[in-house]
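J.: Sequence order for the protein chains is E and D.
Residue numbers for the first sequence follow our numbering, so the first one is 8 and each next one is one higher.
Residue numbers for the second sequence follow our numbering, so the first one is 32 and each next one is one higher.
Think of the hints as simulated: they come from the structure by calculation, not from any bench.
In this text the structure is predicted, and so the values were computed from the model without any measurement.
Errors might be hidden in some of the hints.
[Stated by the list, open to error] Pair by pair, the computed Cβ-Cβ distance ranges are:
1) D:Glu48 <-> E:Ser87: 49 to 57 Å
2) E:Asn60 <-> D:Glu48: 48 to 56 Å
3) D:Gly93 <-> E:Lys64: 31 to 39 Å
4) D:Ala112 <-> E:Gly23: 39 to 47 Å
5) D:Ser111 <-> E:Pro15: 34 to 42 Å
6) D:Leu144 <-> E:Thr27: 35 to 43 Å
All C-beta atoms, glycine included, are put in the ideal place defined by N, C-alpha and C.
Each chain is listed here by its residues.
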Amino acid sequence: DGGITQSPKYLFRKEGQNVTLSCEQNLNHDAMYWYRQDPGQGLRLIYYSQIVNDFQKGDIAEGYSVSREKKESFPLTVTSAQKNPTAFYLCASSGDRGRETQYFGPGTRLLVL
Amino acid sequence: AQKITQTQPGMFVQEKEAVTLDCTYDTSDQSYGLFWYKQPSSGEMIFLIYQGSYDEQNATEGRYSLNFQKARKSANLVISASQLGDSAMYFCAMSQIKAAGNKLTFGGGTRVLVKP
Chain E
8 DGGITQSPKY LFRKEGQNVT LSCEQNLNHD AMYWYRQDPG QGLRLIYYSQ
58 IVNDFQKGDI AEGYSVSREK KESFPLTVTS AQKNPTAFYL CASSGDRGRE
108 TQYFGPGTRL LVL
Chain D
32 AQKITQTQPG MFVQEKEAVT LDCTYDTSDQ SYGLFWYKQP SSGEMIFLIY
82 QGSYDEQNAT EGRYSLNFQK ARKSANLVIS ASQLGDSAMY FCAMSQIKAA
132 GNKLTFGGGT RVLVKP
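Whole structure, please, built from the sequences with the hints as guidance.
T.: In structure tokens:
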């Protein structure tokens, strides 16, 4: 079955530590996205990538970094510069030309120890 | 800049009844898309329905329909014959069609609780 997978489901970060969230899709979609969701709020865009080896900052990119070396993969690194990283992180992809519907993975919950 | 407003933080609905979730948007673009997503307690975002700004007819997908009023800039979601499994958060979102990145702007969400 085609879909988007994210791992791990839960992730714990210590102070000053970088952590990487995985996102993989087998939908053959060109575009991929990372969103952050804080409790009781909507989603905010961190980074997005329309094609391999290219990505752009979203609305809240500070303290995060990404790479897009393969079409299927778009990992997100939460760096120590992100002072408030506790949140729910959702990865999405789209490839339906025209409406560009985004389909989401199950998410990763990041907690700071 | 685009903005999505969902004014209903939470709603109760009786099982088998219909419920309307409000969504208003603000954009200066002529070409855009409107989406509704469902987020159960497990957290995943489930795509429900899409409406393009140039679509003349309201979108429908099973028990979901989108009441699109372009002049009023509203895109309300109607869920007919509510089921217990419809209890979840619902988010309205908007994209700029063909713009770089097709970024989605989300509203703050409405929590729906279906009562048996």
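J.: Under the constraints set out in the numbered hints, which ones does this structure not fulfil?
T.: 4
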